[in-house]
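First to last, the protein sequences are chains A and B. Going letter by letter, the first sequence gives residues 1 to 253 in our numbering. Going letter by letter, the second sequence gives residues 1 to 279 in our numbering.
Hint data in this document are derived by calculation from the structure and do not stem from the laboratory. Every value quoted in this text rests on a predicted model; they were computed, and no experiment measured them. Be a bit skeptical, because a hint or two may be false.
Derived DEER-like restraints, expressed as beta-carbon distance ranges [as the list claims (entries may be wrong)]:
1. A140/A <-> P209/B: 56 to 66 Å
2. R188/A <-> D112/B: 30 to 40 Å
3. D226/A <-> M247/B: 36 to 46 Å
Just so you know, even glycine gets a beta-carbon here, dropped at the ideal spot from N, CA and C.
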Amino acid sequence: MSSGSPFAIAAFWCQKAGNAVEEYEDAWSVRRVGETAGCRVAIADGATETSYSKIWATLLVESYIRDSVTGPEFFDRLEAARRLWRQRAFRNTRPLPWYAAEKAKQGAFATFLGFELNVAGKVWRAVAIGDSCMFQLDAAKQEMRVVQAFPLSRSTEFGTSPYLVGSNPEGAATVGAHAEVCQGSLRRDDLILFATDALSAWLLRREEDRAPAWKEACESIAEQSDFEVFVQRARDDGMRNDDVTLLRVTFRG
Amino acid sequence: MPYRAEISRKNPGCFLFLVDQSGSMEDPFGGESGRKKADEMATILNKLIHNISLRCAKSDAIYDYFHVGVLGYSEDKSKPALGGSLAGKELVPISELANNPLRIEDRTKKQDDGAGGIVEQSVKFPVWFDPTWSGGTPMCAALKEAQGVIKKWSAEHAKGFPPIVINITDGESSDGDPVADAKALTGLGTDDGPTLLFNVHLSSTAGAPIELPGKPDGLPDQYAKQLFEMSSVLTPFMVGRARELGMAVDETSRGFVFNAQPVQVIQFLDIGTRPAQLR
């Protein structure tokens, strides 16, 4: 975001330990809305166990930030994204082995969280399916108090088989019914973090263990190398080995 | 805490199937006159290998998250039972298995169309294993042979998730009481815990399928009870995953099924996020 913007967004990511960087399957995107009115942020996590899920996660976040809706109706507007997924996933004309062809037919799946902030009104609205999370933090407090955690707020709520947004048209009509919506207002000194599941679950567990890591996530990471050190420490502390994405939105004035 | 090791390409898991190929497998399955237990066995094994392959398929490749082997037992011995180019091999990476079925058949599958209806879909059905039967049921020999395979694999993958052995049988061992050999097998393992032994009992007795019981009460015969006794208790993760799949389980549930197709067992291991819709 430009220096004149009332907010700043920092994004960090790294792939699952042991995987190649091109195997990273999270996606995120940010768009400023109007001159100073606000921004749209989206984060998605392609499911490890489905094929071409990075393409699908990317299409989901790009679709959201170009759209204007903020609720479950977003999931009724994915026809073009689904068409693009099919085009991109199946552009290879070489015949696939039986297992790859059958897996691709199942479609790709991803978590999704979309967020719109109106800076002037200091209000935000978010919609989510799956376990990518946002955390509104009160940075005025010594250890940064959690004002809002969405859509999950306890580390025990994370599983390995969440309901996700699929790239196939089958079942598309009912996806929106699984969406959760949350809204809130922003106060002075608040900041917002977005994170995919492994990091979200670890941050919540640290909070539950009365050893919060919010300040570390907000203040110790300025560059990618800081993030990599932070992620390694978290993994050593029991964070699930997975792709990790962190977006941090801070506000000025 | 055991059973926490990550399963990955660098740190693969292991499935070893023990399949009963004795003469009694020619008998009817579950009270059905036209279907042999050996047919049911072949269907189960082909479906299990199919499901493991699909779980490991990713985009246009297949990831070697598992090493898989099949030991058959009949007459008076146990030996590797894969055929074709895999004949004689004890354990192979899943990619090698997926790429080398005996043949691929075209079959139709009924599927939910997402709008309350059912559609028929054409699917490829790879076959690795055909029904076969002869002679006795040397289950003790098979469990001993498995000990050798598992010992070797575990030594090579000491940090790995413990091996899972799935024994599919009609239950009556002809070379002694298999419980002691089963215990010896589950006494082996990796740094992450003991080997897990699951049993699939295919019986000629008609009756409702039984899945993952916690107690032997209600099992139809002494062979079922013996196989239950030999079966490992599910790990906490497996109990959680079974619940997600809608199965009635608790912390005492064992890896034992009677006259049921245990295809969901393949979902009991964690290799990454799996959409709830693909249960």
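Against the structure, the hints come out as follows:
no.: 1; hint: A140/A <-> P209/B: 56 to 66 Å; result: holds, 60 Å
no.: 2; hint: R188/A <-> D112/B: 30 to 40 Å; result: violated, 51 Å
no.: 3; hint: D226/A <-> M247/B: 36 to 46 Å; result: holds, 44 Å
In summary, the structure is inconsistent with hint 2 from the numbered list given earlier, while agreeing with all the others.
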